[in-house]
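When you get a sec, could you build the whole thing from the sequences and use the hints?
Which chain is which? The protein sequence lines are A and B, in order.
Sequential numbering from 961 applies to the first sequence in this note's numbering.
Sequential numbering from 961 applies to the second sequence in this note's numbering.
Please keep in mind that the hints were generated in silico from the structure rather than gathered at the bench.
Take the hints with a grain of salt, since some may be wrong.
To be verified - Listed below are the simulated SDA-like cross-link pairs for lysine to any residue, each with C-alpha atoms no more than 25 Å apart in a straight line:
(1) B/LYS995 / B/ASP1196
(2) B/LYS1085 / B/GLU1060
(3) A/LYS1087 / B/GLY1099
(4) B/LYS995 / A/SER1049
(5) B/LYS995 / A/GLU1021
(6) A/LYS1085 / B/GLY1019
(7) A/LYS995 / A/PHE1059
(8) B/LYS1087 / A/GLY1099
(9) A/LYS1085 / A/GLY1178
(10) A/LYS995 / A/GLN975
(11) A/LYS995 / B/GLU1021
Please read these numbers as outputs of a predicted model, since none were measured by experiment.
2 protein chains.
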Amino acid sequence: MDTRLCVGLDPEPRQFPGHLRDRSDFNDSVFEFNKAIIDATVDLTCCYKPQFAHFAALGAELALERTIRYIQDNNVPVLLDVKRGDIGSTAEKYAIEAFERYGADAATINPYLGYDAMAPYLAYKDKGIFILCRTSNEGGRDLQNLVLDNGRQLFEHVAEQASSVWNSHGNVALVTGATHARELRCIREITGQMTFLLPGIGAQGGDIAESLSAGQGGGLIISSSRAILYASSGPDFAQAARVVAEATRNEIRAHQLAA
Amino acid sequence: MDTRLCVGLDPEPRQFPGHLRDRSDFNDSVFEFNKAIIDATVDLTCCYKPQFAHFAALGAELALERTIRYIQDNNVPVLLDVKRGDIGSTAEKYAIEAFERYGADAATINPYLGYDAMAPYLAYKDKGIFILCRTSNEGGRDLQNLVLDNGRQLFEHVAEQASSVWNSHGNVALVTGATHARELRCIREITGQMTFLLPGIGAQGGDIAESLSAGQGGGLIISSSRAILYASSGPDFAQAARVVAEATRNEIRAHQLAA
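Shown next as structure tokens:
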């Protein structure tokens, strides 16, 4: 059945159930945790979004590789949340990391370094490139809401560029926090039908109904991580994750029908 | 003797000398290459700057760990070039990656997500936080040179914030491409004595004399990577790297005295 829910995978061993918490090798415990979450939610999600930092902090690159492969073996696409941004020659290496080493289907990238820094990702025409536009955090406004001399805010400029000159291969999507409905509406007006990833539901407090209403008119992927992953820290964690994921999926669906 | 040269470590096996090029395990060949470069240049550098993407694309995290430890065993600090930027709870994990897992002395970060996304790095008071201001690439201007409604350009705003409210622990430095002398002069005027990392010398075409003149009045670290690392692809690569590094160090020193 149709679902717009993306489950973010932010493994945090301190929040794992006891039998997975105190392992010597995080690669095993992180993969086991992720596998249990995936098995419990795979019919509810349109994609999974592993968050790179949570693996990197643990030295768990192997768990990231195994997690991605496991998701894809279940015929679900993987959006690797890396938010990379670097000059062209280095961006080529980051694109290899995301799309060849890890084999992700899509990745998040940061636009601060401009077009030539994004071009190596965009050149992977069969991959999705999710450019940060208006991020879900409070500090997102520090730069992104600055007003330019043409009266537009910086995030609007990013939305404009991302939906025109940067999107020559048609594989660009935007990251737009579910915590900022006004900005989301504005970005939708600028970009037409472009797909948005909306993080910020759940632990960050974003509202599903408001976000779906503001973002309507194009593809929407609603991402939730911690609220699902850590619904319980007991041995029932996977079942508890399913309950929250299903409720979130259903809430999204109900408001989609209403929108 | 005083040196302002930072050697960037961007390992690229295709450019390694033959005996290191065709190994099955990049962790060994990359570390051996880096070790040879470090041994040949350690008295010429004020720091080394391993570029994360080049290791990540190869799955060579172990080589990165070993390289960093080897540099520090030689009593030289390590600036880990990761250019991370993510919301606070994730930035905490990236800060752990850079400063605890890899034990770097400093790291580069991206300001697009604003203050709360940088705070977890800034909280490491004994670490250097190098915030991207005006990057060395052409596309840097796409966002960074946008003019705000107060007449300032975005990179000037970043310089202002970085040298005031973001720098409450006094551990902030800026990344400012040596390829843009006019912007560099402007950033120096805004920030006073703040330290700048100037990438873009060498392969990217930045001019040492012009950069030192424009950046004078505060700390300057001049970074060069490919021009040094790949001065030769023969068995004499380390000696050739030393020749270029020494010439670069001397050129910096001559212009410093003249400035």
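Now for the hints, and whether the structure bears them out:
1. B/LYS995 / B/ASP1196: 14 Å, holds
2. B/LYS1085 / B/GLU1060: 14 Å, holds
3. A/LYS1087 / B/GLY1099: Holds - the C-alpha atoms of B/GLY1099 and A/LYS1087 are around 22 Å apart, at most 25 Å.
4. B/LYS995 / A/SER1049: 23 Å, holds
5. B/LYS995 / A/GLU1021: 24 Å, holds
6. A/LYS1085 / B/GLY1019: 24 Å, holds
7. A/LYS995 / A/PHE1059: 21 Å, holds
8. B/LYS1087 / A/GLY1099: Holds: B/LYS1087 and A/GLY1099 sit about 22 Å apart, inside 25 Å.
9. A/LYS1085 / A/GLY1178: Within the cut-off at roughly 20 Å; holds.
10. A/LYS995 / A/GLN975: 16 Å, holds
11. A/LYS995 / B/GLU1021: Holds - the C-alpha atoms of B/GLU1021 and A/LYS995 are around 24 Å apart, at most 25 Å.
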